[in-house]
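Enquirer: These protein sequence lines map, in sequence, to chains F and B.
Take 1 as the starting number for the first sequence in full-length UniProt numbering and just add one per residue.
Take 1 as the starting number for the second sequence in full-length UniProt numbering and just add one per residue.
In case anyone wonders, no lab produced these hints; they're calculated from the structure.
Just so you know, not all the hints are guaranteed correct.
Said to hold, decoys possible - Partial list, computed: chain B residues near chain F (C-beta under 8 Å):
id, residue
1, Trp317
2, Phe318
3, Met322
4, Trp325
Glycine included, every Cβ here is placed at the ideal spot set by N, Cα and C.
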Amino acid sequence: MASKVIHAIYNDDDILMNAVKKVRAERYHIEEVYTPFPVHGLDKVMGLAPTRIAITSFLYGLVGLSVATLMMNFIMIEDWPQNIGGKPSFSYIANMPSFVPIMFELTVFFAAHLMVITFYMRSKLWPFKKAENPDPRTTDDHFLMAIDAGHHDVEKLSKFLHTTGAIEISLIDNDEDH
Amino acid sequence: MYTLPSKLKLFAIVFMVIGAIGIVSGFLTAPKTTAEVKEMMAAHGDGHGSDASHEAPHHETATTHEAAPSEGHQDAHSSEEAHLEHTLHQMQNRPWSALYIACFFFFMIALGALAFYAIQFAAQAGWSQVLFRVMEGITAYLVPGGIIMFVLLALSGFHINHLFVWADPEVVAHDKLLQGKASWLNGTWFLVRAAIFLGGWMLYRHFAVKFSRNSDDETDNRWFKKSFKISAGFLVFFIYTESMMSWDWIMSFDPHWFSTLFGWYVLAGMMVCAITTIALITIFLKSKGYLEVVNDSHIHDLAKFMFGFSIFWTYLWFSQFMLIWYANIPEEVTYFITRIEQYKLPFFGMLAMNFLFPVLLLMNSDYKRVNWFVVLTGIVILAGHYVDIFVMVMPATVGSSWYIGIPEISSIFFFFGLFIYVVFTALTKAPIVMKNNPFLKESKQYHY
């Protein structure tokens, strides 16, 4: 079903922030906001849920720590406990100080890389992905707010958006799903 | 203006009195002769576990010698006497060490707060101005704490007590290594250095506070610029003197041992304690309604510093430990062998208190804003760093005769009471939030 979306373009992040507040106060649904740079507090005024990526990172770190511990315990203690320079390979804890640098690095490695990959997957970013950019100016100096026109009166909505400081307003037929 | 509540004053005085009584009783109950040591050891069933294991080989040699002919018997007797003498010295050192550790612990909080204060000026931080008066209050302890510290150092450096082995001329006469270090480690030069360090720190503290108070009555940035300059100068002075202070006041307890990153290690512990104390006093004052301008974000920043410096401390602790453990050079590794054999629980326990606890509790951004979380972690961190100083000092002075009993706890009580009294009295001397600083407005509106 083809839905209609209104694209309102702003040229200042402060005006955009105020516009977002007003639009939300009028209970219109904001589909998306496109900005050329991070606007501090935009997620808060849009009412977006906080990210959980730090929690995933912590869990990945624990995985990395486990991998390091299990790997070195198997290799250095269980599989072939050689005497290497007199280091005590009787138990993992007896030789632990020499394993700590690797435990630390693998924790960081897993936490960092898996978190980045999670970020790419969750935000659907990969090479050769088709850019979802409604207006190329939003990567330079313009801000675009996409509002679901839905069952609203388009005339009234456009007038309202003008009062929030939009410099351009256009009605878009949104028939492709991305 | 903050007024010292009479309840808090009473609280501090009670702690000081109880502590003082305990300290005196600690000195009175310390044994004076080897006969008393023998009695005490018999009464306590050879003390605690680590004590017994340490003494077992000595007793064995003593009994085997006793079975031998008469000339061997005398040997046995003298070796037992030597052992008792050794234990006597350890037990006599205990109340002194307990006093020294508590004194240094609270002194280093004030010193760390002073360094942190100077860093805030030199870095032109934009969040901490509303906390400056709290920091100034904490650094007020630098003067009385430093004077007590100096007296203790003088008593030890001139061998009134046996805390520093290098201060005993008889020991030095038979010790080539100590003779080699005597040009640095001798009573006079030791005290001259201590006077220079303490004098420099107190001088900066005096002028930093004076400039800060002066700026309250001005509208221009004259005093801020002066504070900035002396803070930058102080930080240079501080990093050299702090390093030497740690060799003198802590590392020289084990004068046969040395470690190059020791100064940093002491500094890291000092900074954690100072920032934790700043956070605790800030939360306390805010809860009493004196620091309305302080918001969650300020607490969050302090908690981040607590978290970060805890990890930094652990990094240095591990770097020092692991390098020595790995290379296992006999003259270096004895330091850790005595600690692991005789101080297993405090030595590894402090790692849990100073690392695991803050890392797990303060990792979450939301928890850093919850006051009781910060207070809980802060108390554990402070206790952990007391144990850290304990494990740095005690093995060299009392060895296996350690215990956390009346002398240790009383010393903590006494200096805690003094610290509270001095800090909160100092807080009444000036408005609790400064009036004029170019970053003040930013700090008041600080939001993270």
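Enquirer: Please go over all the hints and tell whether each is borne out by the structure.
Expert: Each hint, compared with the structure:
The interface hint given for Trp317 (chain B) is violated, since its Cβ lies 11 Å from the closest Cβ of chain F, which is over the 8 Å cut-off. Of the supplied interface hints, the one on Phe318 (chain B) holds, with its beta-carbon coming within about 7 Å of a beta-carbon of chain F, less than 8 Å. Taken as an interface hint, Met322 (chain B) checks out: its beta carbon lies about 4 Å from the nearest beta carbon of chain F, inside 8 Å. Hint on Trp325 (chain B) holds. Least Cβ distance to chain F is approximately 5 Å, under the 8 Å limit.
Against the hints set out earlier in the document, a violation occurs for number 1 only.
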